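K.L.:
Assemble the whole structure, with the sequences as input and the hints as a guide.
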Amino acid sequence: GNSVTQMEGPVTLSEEAFLTINCTYTATGYPSLFWYVQYPGEGLQLLLKATKADDKGSNKGFEATYRKETTSFHLEKGSVQVSDSAVYFCALGRETGNQFYFGTGTSLTVIP
Amino acid sequence: DVKVTQSSRYLVKRTGEKVFLECVQDMDHENMFWYRQDPGLGLRLIYFSYDVKMKEKGDIPEGYSVSREKKERFSLILESASTNQTSMYLCASSLPTGKRGQPQHFGDGTRLSIL
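Sequences listed follow chains A and B, in order.
Position 40 of the first sequence, counting from 1, maps to 40 under our numbering, and the rest follow consecutively.
Position 33 of the second sequence, counting from 1, maps to 1033 under our numbering, and the rest follow consecutively.
Warning: the hint list may mix true and false statements.
SDA-like mimics (lysine to any residue), calculated; alpha carbons at most 25 Å apart, straight line [to be verified]:
(1) B:K1057 x A:Y101
(2) B:K1003 x A:S83
(3) B:K1055 x B:M1027
(4) B:K1055 x A:T96
Facing chain A, from chain B, some residues (calculated, C-beta under 7 Å) [unchecked claim]:
(5) N1031
(6) G1042
(7) L1043
(8) Y1050
(9) L1090
(10) R1100
(11) G1101
(12) P1103
(13) Q1104
(14) F1106
(15) G1107
(16) D1108
(17) G1109
Coverage of chain A stretches by chain B, computed from C-beta distances (three or more under 8 Å per stretch; other residues unrestricted) [claimed, not checked]:
(18) 86-96
(19) 100-111
Keep in mind the hints are simulated off the structure, nothing from the lab.
None of these values were measured; they are calculated from a predicted model.
Just so you know, even glycine gets a beta-carbon here, dropped at the ideal spot from N, CA and C.
P.N.:
As structure tokens, this is what we get:
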């Protein structure tokens, strides 16, 4: 079947630290992969995406590379800011069908 | 930009009431979705719709129904609200998955409390 596993939080980092949030997936075929961010009291916003193997998605200093050999899509940022404090969701969209599959979310807190 | 609007940010209802949550999108998307979000459980799909008057059950449809009479509007109905339906409800829309890499676009959520 299809599923997404992401690292459990919460994660607490100091400002300017390096961030990695791990995400691995199980899927048939060639899914598209996404990272979403949810700020307190809001819905999910698309952060970045990748649609095929070795694609790198990037946005606002965040990056993630679609690794088919390791079935992973880890989120990274070189220097986090307090404003990056949020919950991050990894998601998989199937080639066919209309459903997405979401990880359980990783809460990030960045302290000054 | 795509806009998905949920009718209420916060809602308080009583046990046994019939509750309607409304969602409207302005981008002519075929697909619409209802999720609930609970701490430690992530997002769980309740129902989705891929066309007007069409609906499919998600992972946790029990106690819920949906209505899609117009393409832009997707309603979630709690037939007889119970306290275990207290949650954050998120609506989303998207183009068909056949258009590769199409994301889901989310509303701001409705925080529903059942007393």
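K.L.:
Going through the earlier hints one by one, which of them does the structure break, listed in rising order?
P.N.:
none
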